[in-house]
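A.B. asks: Here's the letter readout for the chains.
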Amino acid sequence: MQVGLNISVSEFLRRDVISARDFKRDHFEYILRAVEDLEKSPGSLDGALRGKLAALLFFEPSTRTYSSFQIAAERLGMKVTGFAGPTGSSITKGETLHDTVKMFEGYGADVFVIRHNRMGAASFAAEISDTPVISAGDGSREHPTQAMVDLYAIKRAFGRIDGLKVGMLGDLRYGRTSSSLAYALSNYDVEITFIAPEALQMRPEVIHFLTRRGVTPKKESALKDVARALDVLYVTRIQKERIPDPTEFEKVKGMYEVNLEALREAKPSLKVLHPLPRVDELSAELDGTSYAHYFTQAAGGLPLRMVLLNLILGGGR
Amino acid sequence: MQVGLNISVSEFLRRDVISARDFKRDHFEYILRAVEDLEKSPGSLDGALRGKLAALLFFEPSTRTYSSFQIAAERLGMKVTGFAGPTGSSITKGETLHDTVKMFEGYGADVFVIRHNRMGAASFAAEISDTPVISAGDGSREHPTQAMVDLYAIKRAFGRIDGLKVGMLGDLRYGRTSSSLAYALSNYDVEITFIAPEALQMRPEVIHFLTRRGVTPKKESALKDVARALDVLYVTRIQKERIPDPTEFEKVKGMYEVNLEALREAKPSLKVLHPLPRVDELSAELDGTSYAHYFTQAAGGLPLRMVLLNLILGGGR
Amino acid sequence: MQVGLNISVSEFLRRDVISARDFKRDHFEYILRAVEDLEKSPGSLDGALRGKLAALLFFEPSTRTYSSFQIAAERLGMKVTGFAGPTGSSITKGETLHDTVKMFEGYGADVFVIRHNRMGAASFAAEISDTPVISAGDGSREHPTQAMVDLYAIKRAFGRIDGLKVGMLGDLRYGRTSSSLAYALSNYDVEITFIAPEALQMRPEVIHFLTRRGVTPKKESALKDVARALDVLYVTRIQKERIPDPTEFEKVKGMYEVNLEALREAKPSLKVLHPLPRVDELSAELDGTSYAHYFTQAAGGLPLRMVLLNLILGGGR
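Chains as they are written, first to last, in my numbering: chain D, 1 to 317; chain B, 1001 to 1317; chain Z, 2001 to 2317.
Calculated from the structure, these hints are not laboratory results. Backbone N, C-alpha and C fix where the C-beta goes; we use that ideal spot for every residue, glycine too. Among the hints, a few may not be true.
Unchecked claim - Cut-off 27 Å, straight-line C-alpha distance, at most; resulting in silico cross-link-like pairs (DSSO-like, lysine-lysine):
(1) D/102 / D/52
(2) D/240 / D/224
(3) D/102 / B/1240
(4) Z/2052 / D/79
(5) Z/2240 / B/1102
(6) D/79 / Z/2251
(7) Z/2253 / D/40
(8) B/1267 / B/1219
(9) D/155 / Z/2102
(10) B/1079 / D/52
(11) B/1040 / D/52
(12) Z/2040 / B/1079
(13) B/1267 / D/79
(14) Z/2253 / B/1102
(15) Z/2102 / D/240
(16) B/1165 / B/1079
(17) B/1155 / D/102
(18) D/102 / B/1253
(19) D/40 / Z/2102
(20) D/102 / B/1024
(21) Z/2040 / B/1052
(22) B/1052 / Z/2224
(23) B/1102 / Z/2267
(24) B/1052 / Z/2052
(25) D/267 / D/165
(26) D/40 / D/102
(27) B/1052 / D/79
(28) D/52 / Z/2052
Said to hold, decoys possible - Pulled from the structure, derived: some chain D residues nowhere near chain B, Cβ distances all over 10 Å:
(29) 26
(30) 53
(31) 81
(32) 102
(33) 103
(34) 105
(35) 127
(36) 199
(37) 224
(38) 251
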């Protein structure tokens, strides 16, 4: 349906979105172009899914991801049900994911958006239900729609993804956004550098996957050694609880804080991305600079999720 | 308005729904038929209450009941306000139920749906407000709309309610769904057996009510003694905190777990119901069997509540 | 646009609402008349802001204020996003107010309604965002829309505000509604008496502001000394945690409880107001009397907030 792509829109119909590995380059391209179209014609998808019901089941809270899916669904004309966090939900009474999914299926949900701290939760939901399931973050492994948001931010900044040098920094071992983005980027001709302390370096299976796809990532332990080469720096948070020794944490934290000093040798065209929320790892002093691309990146979450829901539920626009 | 029933639709108009005891057989029949009609013509009530406001005041959380009322109200075209749980509501500042009801009355609520852990809360709200009040679960005594959902599930499975043998198992003393269902069933020609340890047997006033209505219930302490005779087995949870002695709880828990072994001698036509959420008292091994009727039962909650809101608020369809 | 007022409707367009001090008498009059018009023609603003998005960011919960803004926005046809309390929001992960505002700005918010326990939070949000910001309560200093609700309640009861004797009682030092109302009243020809124990008397800067505006307030420590002179008694809660000594608190609490006995010498035309929720400081025995004006006052919160949103976002009706 789009020029030069070997897929048709029907490939998205009723499709589960569980892992960034399940999508080919043409899928990503199709989605990114549709988002560009939507940004050019805001309102063109408003009401496209009127009468349909989105069940947002956030077993783990996330203001950003929840809100963008909620607004996206409502702008598409959908009704929204579910919960934004576990508090007070039947989960606290011990109800299983299985039964919760069956309940909302019974109430007529047309799509599930599931966020869960347990790996495989979205995949399990997809197995037991005929209703399409979109993962909104799953254990410490995958956050596929965030990867699409990230790709879109990169394409928007550079007009392309091929040929770029992308650094990913922070807690790559447990950070679900980094592995999903790495999977997505493996469809492109990019150079990837993982920048993290050894204990938080990217998991072997991700590196194996990338290598098999022809993208052999480099590993670095310090930003300063690599900053000058990068086009994109993808920053993620290092959570205190991941580093057993508190003194070690303080050291690591300082080494991986991205501020103007850390970017002294960076290209002027460097774009810094972050899935947000940030705490200390990304200094507010970058906010006013040309490096800062993270708020634009975040804003893309809304049209991206509108496009995705519309493709999966066949809004036909 | 319906053939063979001695009531008119106006009997539902602006009516409070506080106790299953307040409704006669013809009321239940009227509602069940309206739900059947809605299931045959999905969408026929969509938008019937456009412009009206539902205040859902869930002082006690319940994902299932809250969601079904929320979706029901929104499909009817209503706007929804209120809260899904006590967290952060003015309740935690000590505001009384009275003032909370008066507030939402002032904001133009057309109906209240109230869930509260205090017995009599819905009834009190109905006294102080001219706005119709629907109880969505009240102390350990009543959950009248769940009883309607349960009746509908039975009628859907057997085409009738008269002539059936219904067993209720679990915490009958404190379980609000069991007493409401028993009250509702007393309008029919049924045999009821209460299956529970002595400490959790059905409350005397319920048994007295049933007996006065001509339905003298039997009491049993073990499922195995009665399983083979039942058409319907209504399972509810036994909460640990109800049994003072932990060793006693473990014993009771095992005795009242419903699984394939426990149903070895049951009729093939037996239908197992459960108001959900379940924890351990109803084994997942039943899910794929012909006994399992609880997900169908749960799904009925949405059309049932649409019908009820529409009748009370005079949607006129 | 309104007879006899020296302002035009354009003065409200995209205006932040941070402090009651930022509005002149004609602004208040304009708003109050618009609310009167809306109450005469209910429904006249329904759908006026269709397609717009309200971001309700309640970092501090408030059922009453949240619900009234939510219903107001939805009746105007807006979509609503955000959160009703901090639980589970990204705030608990340490996200700054800045980033939260930027996120919802990126998602297309047309207006922010912000409640925060930190003084200056709404003002800060207004500085960093071009999107209009309405404070829904801010630290212990300001709650400007509540002041408008309160003015409207007074005007509704007496047909005017000039010439009235207004007593404010309770925790005037830390209560944000009292200072906002005092600022608003300083535009009128009123007599204000602050009734509170010394430790909780009105803050000097408020008294200074009023005096400069020509309204020199009186201070009293006991209601009984002043009750007979008042036209309006504005009651607020004394929070236990404000009084260090528990014995002292019990004494103070008793002295400032407003009941029939305390109003024995009051004028029959006295109107008692309270921003609600109340706990013990305002006896339920007043509810049925002609003094009780607080539920009417609270009900005005909905049309008031509809009018305000409509003026700020240029609904054009």
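A.B. asks: Now look at each hint and say whether the structure bears it out.
C.D. replies: For each hint, the structure was consulted:
1. D/102 / D/52: Answer holds: residue 102 of chain D to residue 52 of chain D is near 17 Å, not above 27 Å.
2. D/240 / D/224: Since the Cα atoms of residue 240 of chain D and residue 224 of chain D sit roughly 22 Å apart, the hinted pair holds (cutoff 27 Å).
3. D/102 / B/1240: holds, 25 Å
4. Z/2052 / D/79: At roughly 17 Å apart (the allowed maximum being 27 Å), residue 79 of chain D and residue 2052 of chain Z satisfy the hint.
5. Z/2240 / B/1102: holds, 25 Å
6. D/79 / Z/2251: With Cα atoms ~52 Å apart, residue 79 of chain D and residue 2251 of chain Z exceed 27 Å; violated.
7. Z/2253 / D/40: With a Cα-Cα distance of about 61 Å, the restraint between residue 2253 of chain Z and residue 40 of chain D is violated, given a limit of 27 Å.
8. B/1267 / B/1219: holds, 20 Å
9. D/155 / Z/2102: holds, 21 Å
10. B/1079 / D/52: holds, 16 Å
11. B/1040 / D/52: Holds, because 19 Å separates the two Cα atoms, which is no more than 27 Å.
12. Z/2040 / B/1079: With a Cα-Cα distance of about 22 Å, the restraint between residue 2040 of chain Z and residue 1079 of chain B holds, given a limit of 27 Å.
13. B/1267 / D/79: violated, 42 Å
14. Z/2253 / B/1102: At roughly 25 Å apart (the allowed maximum being 27 Å), residue 1102 of chain B and residue 2253 of chain Z satisfy the hint.
15. Z/2102 / D/240: holds, 25 Å
16. B/1165 / B/1079: violated, 41 Å
17. B/1155 / D/102: This hinted pair holds, its Cα atoms lying about 21 Å apart.
18. D/102 / B/1253: Holds, at roughly 25 Å.
19. D/40 / Z/2102: holds, 21 Å
20. D/102 / B/1024: violated, 32 Å
21. Z/2040 / B/1052: The given pair, whose Cα atoms are some 19 Å apart, holds under the 27 Å limit.
22. B/1052 / Z/2224: Measuring from Cα to Cα gives roughly 45 Å; hence the hint is violated.
23. B/1102 / Z/2267: holds, 26 Å
24. B/1052 / Z/2052: Measuring from Cα to Cα gives roughly 21 Å; hence the hint holds.
25. D/267 / D/165: holds, 11 Å
26. D/40 / D/102: Given pair residue 40 of chain D, residue 102 of chain D is violated - Cα atoms ~39 Å apart, limit 27 Å.
27. B/1052 / D/79: Holds, because 16 Å separates the two Cα atoms, which is no more than 27 Å.
28. D/52 / Z/2052: The hint holds at about 21 Å.
29. 26: holds, 36 Å
30. 53: With a cut-off of 10 Å, residue 53 of chain D comes too close to chain B, as the shortest Cβ separation is near 7 Å.
31. 81: The claim is violated: residue 81 of chain D sits with its nearest Cβ about 5 Å from chain B, within 10 Å.
32. 102: violated, 5 Å
33. 103: violated, 6 Å
34. 105: Its Cβ does come within 10 Å of chain B, the nearest being 8 Å, so this is violated.
35. 127: Non-interface label stands for residue 127 of chain D: nearest chain B Cβ at 14 Å, farther than 10 Å.
36. 199: Since the minimum Cβ distance to chain B is about 36 Å, residue 199 of chain D lies beyond 10 Å and the statement holds.
37. 224: Given a closest Cβ separation of 45 Å, the condition holds.
38. 251: At about 38 Å from chain B, residue 251 of chain D clears the 10 Å cut-off, so the statement holds.
In summary, the numbered hints that this structure violates are 6, 7, 13, 16, 20, 22, 26, 30, 31, 32, 33, 34.
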